[in-house]
Each structure stands twice: as structure tokens, then as C-alpha cells.
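4 protein chains.
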Amino acid sequence: MQADNASTTLPSTPHSATLLIHCQDRQGLVSRITDFIARNNGNIIYLDQHVDAQKQVFFMRVEWELESFAIPAADIADQFRQELAEPLAMHWQLHFSDETPRMAVFVSKLPHCLFDILARCQSGEWNIDVPLIVSNHPDLKPIADRFGIDYYVLPITPNNKQEQEAEQRALLARYNIDFVVLARYMQILSPEFIDHYPERIINIHHSFLPAFPGAKPYHSAYARGVKIIGATSHYVTSELDAGPIIAQDVVHVSHRDSVEDLVRKGRDLEKLVLARAIWNHTQRKILSYDNRTVIFD
Amino acid sequence: MQADNASTTLPSTPHSATLLIHCQDRQGLVSRITDFIARNNGNIIYLDQHVDAQKQVFFMRVEWELESFAIPAADIADQFRQELAEPLAMHWQLHFSDETPRMAVFVSKLPHCLFDILARCQSGEWNIDVPLIVSNHPDLKPIADRFGIDYYVLPITPNNKQEQEAEQRALLARYNIDFVVLARYMQILSPEFIDHYPERIINIHHSFLPAFPGAKPYHSAYARGVKIIGATSHYVTSELDAGPIIAQDVVHVSHRDSVEDLVRKGRDLEKLVLARAIWNHTQRKILSYDNRTVIFD
Amino acid sequence: MQADNASTTLPSTPHSATLLIHCQDRQGLVSRITDFIARNNGNIIYLDQHVDAQKQVFFMRVEWELESFAIPAADIADQFRQELAEPLAMHWQLHFSDETPRMAVFVSKLPHCLFDILARCQSGEWNIDVPLIVSNHPDLKPIADRFGIDYYVLPITPNNKQEQEAEQRALLARYNIDFVVLARYMQILSPEFIDHYPERIINIHHSFLPAFPGAKPYHSAYARGVKIIGATSHYVTSELDAGPIIAQDVVHVSHRDSVEDLVRKGRDLEKLVLARAIWNHTQRKILSYDNRTVIFD
Amino acid sequence: MQADNASTTLPSTPHSATLLIHCQDRQGLVSRITDFIARNNGNIIYLDQHVDAQKQVFFMRVEWELESFAIPAADIADQFRQELAEPLAMHWQLHFSDETPRMAVFVSKLPHCLFDILARCQSGEWNIDVPLIVSNHPDLKPIADRFGIDYYVLPITPNNKQEQEAEQRALLARYNIDFVVLARYMQILSPEFIDHYPERIINIHHSFLPAFPGAKPYHSAYARGVKIIGATSHYVTSELDAGPIIAQDVVHVSHRDSVEDLVRKGRDLEKLVLARAIWNHTQRKILSYDNRTVIFD
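Chains as they are written, first to last, in full-length UniProt numbering: chain D, 1 to 297; chain Z, 1 to 297; chain Y, 1 to 297; chain G, 1 to 297.
So here's chain D without its partners, still in its complex pose (with noise of 0.2 Å):
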């Protein structure tokens, strides 16, 4: 029915198509959707399905080569909308493999995570764009600089938000920005900012959630003596700390960690967790649903 997030710009010759699909279950969608790219010639490099048998749930997401497709792929979300979206009232994203996500990074004094992103992105690691870098202090403009990115300070007051958020999303638009990362930004974004990026915001949380929401999960880790400690990376909803979780990791601590210690530790685990969120944001592997993701892996 309704093309989420549909990329607009058509490659020329992209390797291969992904569909991201999800909708109520009934017999049959399986078969009927590798039909459509089978009797079109595709070769399907990629399958995999999901139902929530709970809540009759269907899940796919599927990737096939266009090489000797036989739809233009200027024509395949039109025709798999008229001959499957709309009659099975799917939801549904159509990407292909040659777009390269532009990307923003918000952060605040930390530099930990956003060192991590621009590296990969630099090494070509990760096929992603970073062009902007948003923050509400100075501090991390020489590393923007050092990779030649654009970084612009808007410090946040009790006053001033509303301009602000405004002027990050001009920002965002100006920049042509995909998705946002909340590379420890240590703002909270007003619910108008976020409902106009569903499901496009990844924030990075300091704990294993949902122990720990809020400020300083560290100290609290600490003074409840836990033997693991986490990082939850999550697309952010206007409840604090309670999106859909992408993924998560732990590290185990001891007695002898102070709470530097778990500082410490906790950088390293939020760089991993933060990246694979990214990575699987950006391949197309992430589909979300009643606040919980389904990873395909």
C-alpha cells in the first residue's frame, strides 16, 4: 500500500534490488512474492522471512540481481506496487544496492564514537556519506576538520531548543540527510524533531537497556555492583531511552572496576554497538515493528 521510504533516485545499472516488506500474514505471500522476481528473471541472492506468529505477523526482506531483470528498475516499485503492495496491503521499501546513504552525526564533547564512524566511512569500510556534523559544543570540530567535514555548533539552552531544532533540520534538509546518528549527543530531541524522522534516528545508550535509562548509567551501574555492564543502540521515539532496540552488547566488570573503569570498557562496546546498528541500518537489513526490531542477518 504505502512505500515507506522508497528511494527516489534511479540508478543507472544497480547490482541488485532489496524489498523490505511487512503485513499481516496469509497463506501464500512467500510464494507469491518470489514468483513476481522469478517469473521477471531475478536471481534471488537473498531471502529471508519472519512471521510473529503472535500477532500474525509477515516479514521478508529480499534482495535479487538485476542483471538480466526484466523490469527497468526505474519500474519495479510501480509494478510490484500495483501487483502485490496494494492488493496483499503491504508495507513495503523498495532500495537498491548502488544509493549511498548520507549521514549525519550529532555529538557533544565525546569523541570516542564519532572517531569510529569516520574512520570506516574513510577507510570505505562502510559505502556511507557523512557531510554534516551537528553539535552543541565546539570541542570536536579540529576531528570534523581533520576529515574535511562540515561541523556547525548550536548549543542547546531551556531557551533557545525550538530555534535550534530548527535549525538542525534546515540543516538536515540543506544537506540532503538520509538518517541521523546520535553519536553521544547528550541532548534530548523534542517529539516534533522526531516524528519527522521515523524510524531515521539511531541513538547510542551507555547501558544495557532498559537497565539504566537515562543520565550517568555508569555510576549507577556501579553502585548497584552489576558484573555486566552494556550499550543498547536504538532508533529514538519520543520516550527517553525506549525505541525499537537494533542491537545490543555487554562486557563482563568486576570489583576491581571503578566507575572509570566502566567508562573505559563502556567506550569500546558503545564504538561496536553503535557500528553494527549503522551497518545494519544502511544495508537494508533492519525492519521495525510495534517497538521491536527484526534484524536479518
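Worth flagging that the hints you see were computed from the coordinates, not collected in a lab. Think of the CB as a built atom: it goes at the ideal place given N, C-alpha and C, for glycine as much as any other residue. Among the hints, erroneous ones may be present.
[To be verified] Here are the simulated DMTMM-like pairs of lysine to aspartate or glutamate, each with C-alpha atoms no more than 25 Å apart in a straight line:
#1 Y:Lys109 x Z:Asp145
#2 D:Lys55 x Z:Glu65
#3 D:Lys265 x G:Glu125
#4 Z:Lys216 x G:Glu239
#5 G:Lys141 x D:Asp129
#6 G:Lys265 x D:Glu125
[As the list claims (entries may be wrong)] Pulled from the structure, derived: some chain G residues nowhere near chain Y, Cβ distances all over 10 Å:
#7 Lys141
#8 Ile143
#9 Asp145
#10 Glu165
#11 Glu167
#12 Ala173
#13 Asn176
#14 Phe179
#15 Ile188
#16 Phe193
#17 Tyr197
#18 Pro210
#19 His219
#20 Val259
#21 Gln283
#22 Asn291
Could you slot chains Z, Y and G onto chain D? The hints should help.
Using the frame of chain D, we list chains Z, Y and G on its own:
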């Protein structure tokens, strides 16, 4: 073409059927298989497929409900063979959800894996029958007695191996055993024995294979000063500790750990890893190809 | 100053003695304690110390061989008290290596932790006596019978809790129990009960605390869409699921896992984490302070 | 007896001193060493010891505050040598907390470990100077330039190895380098080179050693069908990939992972494991003995 080990006892009203398939990859396989099920009114509750792009091999596991399926359970194998398996030269297995696999356990003197297996079966965690335990030592007979399971002592010497293995095979036949688990059985089975049970003998090796194959891996791990030890469960082939790996896991160790500590920590790993392998095997989640396994999860 | 729970039964020829000490930090503590042992010809085989720099508390575990120790085992406690513990206002415990702790297990209907505990004791992996199992249900009596252990059914209702707990405490006294393990015991003990066994009741909670305390944590974890589930073993205090944490571990899960899968995967975690806590407790490796634990390893 | 690599530049007012000691085990060692510190008014802030019971070797790390220590920093080494090290035939190192180690990084073409190291140094996470990068390829010079670090290209051929290593050693001397990190440096150093820097060259190997030593471990891991891959950091000795292991970690993989996926997942492991090794080395937490390491934590 060939039903590797299709079940011969047919259920009256099984809940679901599972097909495990592998064959040369070609366009339209998923479409044709799912169409076979959908056309006959089967509701797919699990589908996963994998393509080994390098070797051009297609793997699939599909499970569907039989309640309103148009083909009687007893006829599914024949019809699938004629319509799809033979024309497409598939290797395939068909299983029904109400089968209870019959497992024999081979042990020597160490009780931890045996205890764990029997506890899982006896508490109903697993739907597996264990009618037979075979050992080269009498030590664990009290445990078998405690659980009311027949226990045979067949000591192996360099001279009697052939006869004792003949006796073991006679027992496996008499007890109608589907597969064998070597739960820290300290004897090497002959190639003849192994050939009779392809992908039906599961071993637990107490190292992170291919590191430390053969005898005394914990001593070797200690001597090498590794910081992590592991356990590996695999199908037994005629090459020692070199069969297709089903499951592996590890635990961190330190300089404080003596060989005895490694043995102690390793015991828990061995239990867990062997249990995962048995679970996956009896849930029909494993396809083995070219000495590697596909584990559908 | 106070010997928290120094052993009263004195061994004839124990192999080693262990001191667990905590007190206000000050210069020279390690030197004075190790000098006490060295001067009396004791050979230290384990020494670890920890200083909580924030709270200025000193923790130490030291174990030494008694073979040629100048002070008879029966007099060590007195002499240590006079020379060091009283002058330095220490909290301390003295243990001997030949003590066999006596453990009671409380269960409800789930067998996996009980089976695991009994298998470890029966196979000689642990040197622990389990003379007593208490339950609010008769379901697991067959397991107790199988292992030849007395099993008492004391059903708890809102009206009879006080009497039943009195009966439980009478049993613990009669069986000369050192510590209690709640192996998925589904009742909340009263503060009066708990106060009688400080740091002597070990619980296993089936979540990664402080996430998901209380009832049905696997259901909550599923609803929240976490990518990792955990288990936590802790000393029981009067605040529910909030006592000092002894051990935690986790396992990765995915959208494919139903609540039933979480329960299944969690069972293995619960067994492992509870077993580690019991091991550390009986090896005298735990010091608890300010609702946190120091685990000497 | 011998101060293996006691620091020669003496600090004016270092915060703390650290002794790393190993020697034959005997009674009273801890007592004598801690008495030396306590008697001179030093406040111990870290003490850990370990005895290799099998080989009768004693290991210790002790750190104490120098603020009111009776012996001037410049005289501690002499006095410790006379009072304890010589009489007790100790191997020992003395370090001061205000030393900043100087590290050279050797690379080939892969940037991920180099980027990670430089980000940690530049952001102040590590207190390490990196004045020198050496490579057999020019590829990573732009990264060195970006961080303002001297980068030397010394291509290695079968014929020029001896001269190039002479040049490398001249550079290490000229830049006053304390230790070398091989951050995916694809050349094998000669025994002569290695002998000059005992326990001062740290390598990252992209497998779980001793599995898959040598070239192309990810390809070997894929071919063997392992379910877990690893990375290993170790001190370099003249035997390839066989030196004392400092740190290891692993990540789960599946049949879905191609060799390229293993390479991708392995990169994150390599970064983490190498970073942990560097951290432990520069925090003076490692003692190496008999091709094993003691890592004080």
C-alpha cells in the same frame, strides 16, 4: 532424487512437516517449493534458505502446518519426490513434528554430559527417547540405573575393537536407535562404524577446534597460555576431530587458572555445547555439506 | 573485632586455612597480615586484596598451608583476633579447607537448576552436602527420591506463611544447614526469615538485573524487544531482587525467539550462573559490603 | 638481580611507583616486599600476586603512592636492589606513573587498527606518544599526515630485508621508541630484529591462536566451517605466531557469513584485542614467563 533419511514411520495426525533440502542453485527454487506448499493449502510457519554463492548450492528448511494440508502425511514424500525432488535433483529429508528420535549415549568415566542429557530428557525439556547407554567402563552404571536406562559395558582393547563395535552396532539396531551421542566417550570409532551412521554420530570435543585436536586439550591449552578455552560439537567422520562443526562456545580464562580449573570451566562448556548440538539435530535444523554445516535458527 | 561466621567445628589436620577480611583501609595492612602468617611458618598459596578507594575499605582473601604452621588450627582464630583483628577493628572469617558445607535447596516446580545442582554434588564436582530439599509443591519429589534426599512439601498460602516459614527454619536447624539456595523457588521469603541467614541465602533470578525484576521477566524481555537476555545470582535481602549480585551472564537472542525460546535459552543461563555463585560461595571467595560483592578469583 | 627494563629517566614528582617482580617462590615474599613499602611510609594502592604452583615461581605487581614515601624516586631502584632484589634473586621492573611510553606502529595496507590506535591516543584515552609509523607500503601515509605523524615507507623484498630492518632499527633508536606495535603489518621480522626488543613488540593475529597461524586465517576458518572466529594479541618471538599471548577475543559466525563477512567482523575484533594488549602493556600489567603471560587486572 534421494531421500537421505526420510522418516518411515508415518504419523496419524502430526502437527507439522519439515523439509530439509539442498541442491544445485538455480532461479525460482524458493518459488517452486513454496508454491507446492501453498497450492496444497499448507501454512508455512518457518522458512529459511541459504545459498552458498561460491559453490552454487541452495539450502532450505521449510516447515508448514498439516492441519488443512491437501496431501495426506503418508503421501507427501512421494508427491514431493515426483513433482520437485527428482526433476530438480534435490537431496532432501522430510520429517514430521510428532516423531520422537531415539538416541544412544556412549560414555567412558566422566558423568557431567550424561547427567545433563538425562536431566533434559527426563524433565521433558527435550522430546527424545534414550533407551540405551554404552560404555567401555562400568563407572557410570549407577547413573543409568538411577534413570532406569539399559547400560552395557563393552571394554575396548586393541585386540577386541572389531568384535566390540559389532556388538555396539547390534545394540543400536536392536534398540532401534536413530543417532548416537559421544558424551566424552574416550574411544576412537573405526571408519566402518562411522560409515554406518553418516551425520548420525555427534561428538563433543573439549577444545576450540581446530585448535588442540586429539588427547589432553586442556593440558595443551594451559601450556600454550591461551586466554580463552572452548568446546566443539561436531558430526563424527573418519578423520579424528575433523567432522562438520555444529556448535562451539568459549569461556575466558586467566593465568590464575590451573589445568584443573580449565577442566572445571570446560565441563560447563561441554555440557552446553553438546546440548545445543543435540537440540539442533533433533529439531532438524542442520544441513551438512562439504564438511560444513548450515544451522537454521 | 567480630568473627562473622568463623567455623566452630575444628579439623584435625586441614590442608589449608583461609582468612576473609574487610576493615577500614590504612597503611601496612597487607604487611602485618602476611607477616602474621610468614612468622608462624605458613606458606601462602593464595593472596588477593582489594581497596575500595572511594569508601576507604580494605578487602583481603589469604589462604595458606597448615602443614608446618606454628599455631594449631584450633588456636588460629583466637590468636588472630588478639594480634590483629581486635587492634585493627577487622571483620573477618576463618575457614578450613576440609569443611564440607551443608546446603538446603528450595524449589517450586522447575527441575533444571535442582538437577544441575544434584548432578554436580553427586558426581563429586562439588564438595557440598545436600541433605534437605524444601518445596511448596510435590512435583519434584521424584528427583529428590532418585538422589536419596529428604524432600519436604510446605505449601505457602497468604494465611500460613508465618507458620510454614517457622517450619522451614526448624528444618534448616535440624539438618544443620549452612546456607540456602533458592533454585527457582517462586515464593518471597519474609524479612524475618532473611534476617536469620545474612549472606547465606542465594537466589537465581531469570533476568539481567536490575532489568526486569519481579515476575515474568522473560515475557517482559520479549515485549521490550531486547537482543540479549540474562540471569543473575545474588544474596537475598529483604528488598526483592535487590541484594548483592554474585554472578551474571547473558545470551544473545533475536526476533526469531519466542517467549518460549527465551525460557529455553534462559534455563541454561540460570543453571550456569547459579552454579558459579554456589561455587564462589563455598570456595569462600565472596565478601559482601554495602550491597556489592568482592569476588576473589 | 637484574632490572629488566627499569626506567632511566627519573620523574620529579611522580604520583606513584609500580614494581613488577618475578622470582623463585619462597615463604614470606609478600611480607618482605610490602614491609619495604610500608616501613618507608608508602601507601599501597594496588597489590596482586600469583604463584605458579607447578613451577614454583612467584609473580607480583605492587603500586604505591609516592607522596610521603621516605625514599626519593631517584633512589628507589638502588635501595630495592640492595635490600630485596639481589638477596632474593628477583627479576624486576620499576615504573613511575608519569612516564609516557613512546610507541612505533608498523603497518601495511589495512587502516582499521592504525585508525583505532591514533584515535585513542589523540583523544587522550591513552597516555602514549606515537611519533613514528613505519610501513612497507605508502597507502596509509594520508592517515599519518592527517594525525601529523612521521611515516616512513620501507618496502621489503627478499633481497633487501636485512638493510631495511637495519633502517627500521635506526628509526626506532632515533625516535627513542619504547615498544613496537605491528598493526596488521604483513611482514615477518627477522629473529635478529626481534631479539633486540624482547617483550617489546606486540602483534595482532587475526585468528584464535593456536588455530590458523600464518597467512589467510579467515579463509582457513571459513573452509573449516568454524562457528566462532577470534583474534589474538601476543608478544612477538622468533617462532611465528607462537609468542606469549596477551589478549584474545572471539565473535560468533554462521553459515551465512562469507569470507568477506569474516574479514569484516574480524576487523572489529582485531582493533579491540590489540587495544587491550597495548593498554595492559603500557599500564605495566603484564609479566611474561615461559611463553605465558600473567596479566594483572
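Hint check results:
{"no.": "1", "hint": "Y:Lys109 x Z:Asp145", "in the structure": "holds (24 Å)"}
{"no.": "2", "hint": "D:Lys55 x Z:Glu65", "in the structure": "holds (17 Å)"}
{"no.": "3", "hint": "D:Lys265 x G:Glu125", "in the structure": "holds (11 Å)"}
{"no.": "4", "hint": "Z:Lys216 x G:Glu239", "in the structure": "holds (23 Å)"}
{"no.": "5", "hint": "G:Lys141 x D:Asp129", "in the structure": "holds (22 Å)"}
{"no.": "6", "hint": "G:Lys265 x D:Glu125", "in the structure": "holds (11 Å)"}
{"no.": "7", "hint": "Lys141", "in the structure": "holds (40 Å)"}
{"no.": "8", "hint": "Ile143", "in the structure": "holds (33 Å)"}
{"no.": "9", "hint": "Asp145", "in the structure": "holds (40 Å)"}
{"no.": "10", "hint": "Glu165", "in the structure": "holds (42 Å)"}
{"no.": "11", "hint": "Glu167", "in the structure": "holds (46 Å)"}
{"no.": "12", "hint": "Ala173", "in the structure": "holds (40 Å)"}
{"no.": "13", "hint": "Asn176", "in the structure": "holds (34 Å)"}
{"no.": "14", "hint": "Phe179", "in the structure": "holds (28 Å)"}
{"no.": "15", "hint": "Ile188", "in the structure": "holds (37 Å)"}
{"no.": "16", "hint": "Phe193", "in the structure": "holds (38 Å)"}
{"no.": "17", "hint": "Tyr197", "in the structure": "holds (32 Å)"}
{"no.": "18", "hint": "Pro210", "in the structure": "holds (25 Å)"}
{"no.": "19", "hint": "His219", "in the structure": "holds (26 Å)"}
{"no.": "20", "hint": "Val259", "in the structure": "holds (23 Å)"}
{"no.": "21", "hint": "Gln283", "in the structure": "holds (16 Å)"}
{"no.": "22", "hint": "Asn291", "in the structure": "holds (23 Å)"}
This entry satisfies every hint, going by the numbered hints stated previously.
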